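In case you want the letters, here they are:
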Amino acid sequence: MATLESKIPAGPVAEKWSNYKAHQKLVNPKNKRKLDVIVVGTGLAGASAAASLGEMGFKVKNFCIQDSPRRAHSIAAQGGINAAKNYQNDGDSVYRLFYDTVKGGDYRAREANVYRLAEVSASIIDQCVAQGVPFAREYGGMLANRSFGGAQVSRTFYAKGQTGQQLLLGAYSALMCQVNAGTVELYTRYEMLDLVVIDGRARGIIARNLVTGNIERFAAHAVVIGTGGYGNAYFLSTNAMGCNCSAAMACYRKGAFFANPSYVQIHPTCIPVHGDKQSKLTLMSESLRNDGRIWVPKKLEDAKRLQAGEIQGKDIPEEDRDYYLERRYPAFGNLVPRDVASRAAKERCDKGFGVNNTGLAVFLDFSQAIKDFGRKEIEARYGNLFDMYEEITDESPYETPMMIYPAVHYTMGGIWVDYELQTTVKGLFAIGECNFSDHGANRLGASALMQGLADGYFVLPYTIQNYLSDQITVPRFSVDLPEFVEAEKAVRDRIQKLFNIKGKRSVDSIHKELGRVMWDYVGMGRNAKGLEEGLAKLKEIRKEFYSNLFIPGAAEGVNVELEKAVRLEDFILMGELVANDALTRNESCGGHFREEYQTEEGEAKRDDENYFYVGCWEYQGSDDKAPVLHKEPLEYEAIKVQTRNYKN
Amino acid sequence: MAKNISFTIKYWKQNGPKDKGHFEQREMKNIPDDTSFLEMLDILNEELINDGKEPFVFDHDCREGICGMCSLYINGTPHGKTATGATTCQLYMRRFNDGDVITVEPWRSAAFPVIKDCMVDRSAFDKIQAAGGYVTVRTGQPQDANAILIPKQDADEAMDCATCIGCGACVAACKNGSAMLYVSSKVSQFALLPQGRPEAAKRAKAMVAKMDELGFGNCTNTRACEAVCPKNESIANIARLNREFIKAKLAD
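Read top to bottom, the protein sequences are chains A and B. When we follow this note's numbering, the leftmost residue of the first sequence carries the number 1, and every step to the right adds one. When we follow this note's numbering, the leftmost residue of the second sequence carries the number 1001, and every step to the right adds one.
Looking at chain A on its own, in the form it has when it is part of the complex (with noise of 0.2 Å):
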């Protein structure tokens, strides 16, 4: 069986990953070209990752299911990205970075790894910035910043309202420059369905071309995925309509252990929900919280009237404004992290001061800062976000408060990974959202670029050598392997299955009802009656899949429907496990809440006694058993474990 060795280098935490670079084994110039590297995703920390070890030498095949690896969900990331450079004079600094992460992450993540992670930030920025990525500037022509949640400096390096979009270009330019240059192959419109395990190590992947349908083999040394997280687990979420588990979940199938499934982060600033026919949610960014400010009626029967369209938030007076955020969290007003603020919003709603017909939505106002600093600077801020907003919404933030509601949005929980990025299984590397290990229960806005960057520049380049080392005496393989050949007709048989089935219901159909089960049963709250019933019902679900699936089209050529089966199957099987993980840690931290652990004041109650630890589930060989927790204890050395407290 798989163990669990995180490989934490000895020393401080500071020294850490200089006493790891220092001794760890490295492959030679000569040896790195008759070494393959498989890397699934091209989003920031695929695309990063296939870049920076191309350029090193090794040989590698970079596989993405969009037609361009710019493409990539990286792309929609919108606020910015942190790093401690202390540009502004505000008191930053590694170990600042460091704590606001582990403290923003409720105490559970990893502490080396994430300081690790702040420790490398700086070097991004540099690294962008040497490619070309056009970051916001001051007069004086150095980079501007700017604050986001759960910090009190301004870390924020950004481009516009659209930075993800910068950094992903950036990484796709180095990527290019590589395929230019013939040490990464590019495959576009593929997607990973399989791994290809040898002699306990990965050695391979199954994928299927998405414009043929041909069902390819593709051997390689080591494989790394960077294909995101499971957020489309719930249907409405702010990802994109393609993203999918299907590649971490067949890595799990085949022993890689998933950790932490239950930290799933629910934004806090979203437009609100607003029919049945709604395909997807779209993300106000957290940067808006800078000069915006939260609020809902402070009487219960201005809420009933806004929600029967009676009055407008304009019509409320000052006096009669409830800024709860700023009333609950003086010390961090309406910056307070995600999972707190989305909570908040929640409880408000909860009790009956919704402002919007659904009764599901708060008011972000910016006539304050429109008094304060003009219509004309807010405009400079946040103008494509306010047009967004305006094309969706039809109305103005100019001139009516925004209304948004909590959605999900990233998922902290991930394949478990030691301090190598390496996974359960030999050879197979997880880097980005994919993984688990840097965000603990909560992610800080602007830590998820940080952290896709971190780990395709300047982490898995370095680790992913102290395994390759070993096999530089290893020759090519060979896809005629049984293994490979058993592995794609597994793969055929799974699709001829799904076709086999020729029910009555679309793919969306049942997707959308394994959405509202996850939100209703597995989201924003949970109790140990909702989660068991929410299990249950999930069960249905998978056999309403197995029986009454129809895909219509054959599994040549183009056929949508059978990539999103696929899809589908995995989200079930994922769902699970963010239920049973959500189950068995009976406290709240982070973004997983359970309502029957919360303090008075309606905060999470964690409990370090019994829960301080990374819960890794291992799959027990059918998609119907159910999978075995192993536990990872957390050890900290270097911070103090508390009470979170954003109040002062």
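No lab work stands behind these hints, which were simulated from the structure alone. None of these values were measured; they are calculated from a predicted model. Backbone N, C-alpha and C fix where the C-beta goes; we use that ideal spot for every residue, glycine too. Among these hints, one or two may not hold up.
What the hints assert, rightly or not - Here are the simulated PhoX-like cross-link-like pairs (lysine-lysine), alpha carbons at most 20 Å apart as the crow flies:
{"#": "1", "chain 1": "B", "residue 1": "K1020", "chain 2": "A", "residue 2": "K504"}
{"#": "2", "chain 1": "A", "residue 1": "K504", "chain 2": "A", "residue 2": "K539"}
{"#": "3", "chain 1": "B", "residue 1": "K1152", "chain 2": "A", "residue 2": "K376"}
{"#": "4", "chain 1": "A", "residue 1": "K543", "chain 2": "A", "residue 2": "K625"}
{"#": "5", "chain 1": "B", "residue 1": "K1003", "chain 2": "A", "residue 2": "K277"}
{"#": "6", "chain 1": "B", "residue 1": "K1029", "chain 2": "A", "residue 2": "K277"}
{"#": "7", "chain 1": "B", "residue 1": "K1053", "chain 2": "A", "residue 2": "K502"}
{"#": "8", "chain 1": "B", "residue 1": "K1081", "chain 2": "B", "residue 2": "K1175"}
As the list claims (entries may be wrong) - So these bits of chain B aren't anywhere near chain A, every CB distance computed over 10 Å:
{"#": "9", "residue": "K1020"}
{"#": "10", "residue": "L1038"}
{"#": "11", "residue": "G1076"}
{"#": "12", "residue": "G1099"}
{"#": "13", "residue": "V1101"}
{"#": "14", "residue": "I1102"}
{"#": "15", "residue": "A1209"}
{"#": "16", "residue": "C1219"}
{"#": "17", "residue": "A1239"}
{"#": "18", "residue": "R1240"}
We have chain A already, so just place chain B on it with the hints.
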């Protein structure tokens, strides 16, 4: 409050690049006008699947106007007529009227062959990018990010050029099928930044040569590209590319 509208949708069906292709049509009834255009197509597909038919295939992904997957030609305009200049995913049904006939076609350009229905192959854009759309920099620890100061105006202008999402609407709108707006935006971003200057001449030549090789047409300044660009890229970029290109050629 949302109201419902009914209309006819004519959508392009084509089974691969060699197929001739044809329109099919369907009456759509009582669609709430706060539905997005792509959600309306989801409804269409749900109906087709419930009838046992294959769905209408089109590219889409983020549905936030940033990934550049959207590539629908709606009523004769790439991405359709949105209010603020945006991609199809940001187009809402309130822009249409009861009783309309809505025609949906793929990007039509020799350089973007149809894969299926309205899904086209835009890998030519990646090839142009690979020819020179980057600053050659080794992963590692370059100098401090603030070591080279960049005037705010230059950084802002470079950012405007860099917002191109690579959707290809410019090519689809151009009667010559030219990719000049796409290429010039990338060339301009780097030309405006000190980091991009050392390779500026090489980049302009390599990207233009690759564009010509891949079968994109010439620019005749009709400005159709600029009019449909969802990110408001300006044809001033094309002028800049021409200057960079001529400078590079003269230096040869």
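How the hints compare with the structure:
The suggested pairing of K1020 (chain B) with K504 (chain A) is violated, with an alpha-carbon distance near 31 Å, which exceeds 20 Å. In summary, the hint linking K504 (chain A) to K539 (chain A) is supported, as the alpha carbons are separated by about 19 Å, within the 20 Å threshold. Restraint check for K1152 (chain B) and K376 (chain A): satisfied, since their Cα atoms lie roughly 17 Å apart, inside the 20 Å limit. Between K543 (chain A) and K625 (chain A) the alpha-carbon distance is near 14 Å, which keeps this suggested pair within the 20 Å criterion.
A threshold of 20 Å between alpha carbons decides the hint, and for K1003 (chain B) with K277 (chain A) the separation of about 14 Å falls inside it, so the pair holds. Of the pairs offered as hints, the one joining K1029 (chain B) and K277 (chain A) holds, with about 14 Å between alpha carbons and a cut-off of 20 Å not exceeded. Distance restraint check for K1053 (chain B) and K502 (chain A): the Cα-Cα separation of roughly 13 Å lies within the 20 Å cut-off, and the hinted pair is therefore satisfied. The hinted pair formed by K1081 (chain B) and K1175 (chain B) meets the criterion: a straight-line CA distance of about 19 Å does not exceed 20 Å.
With a closest Cβ-Cβ approach of about 17 Å to chain A, K1020 (chain B) is found to remain outside the 10 Å limit, as its non-interface label requires. Non-interface call for L1038 (chain B) relative to chain A: violated, since the shortest CB-CB distance, roughly 7 Å, does not exceed 10 Å. The beta carbon of G1076 (chain B) sits about 21 Å from the closest Cβ of chain A, which is more than 10 Å, so the claim that it is off the interface holds. Its beta-carbon lying about 21 Å from the closest one in chain A, G1099 (chain B) satisfies the requirement of being farther than 10 Å from that chain.
The claim that V1101 (chain B) is not at the interface with chain A holds, since no C-beta of that chain comes within 10 Å of its own (minimum 21 Å). The beta carbon of I1102 (chain B) is kept farther than 10 Å from every beta carbon of chain A, the shortest such distance being approximately 17 Å. Chain A leaves A1209 (chain B) outside its interface by the beta-carbon criterion, the shortest separation being 13 Å against a cut-off of 10 Å. Its beta-carbon lying about 23 Å from the closest one in chain A, C1219 (chain B) satisfies the requirement of being farther than 10 Å from that chain.
Every Cβ of chain A is farther than 10 Å from the Cβ of A1239 (chain B); the closest lies at roughly 20 Å, confirming the non-interface assignment. Non-interface call for R1240 (chain B) relative to chain A: holds, since the shortest CB-CB distance, roughly 15 Å, exceeds 10 Å.
Hint compliance for this structure: hints 1 and 10 are broken, all remaining hints hold.
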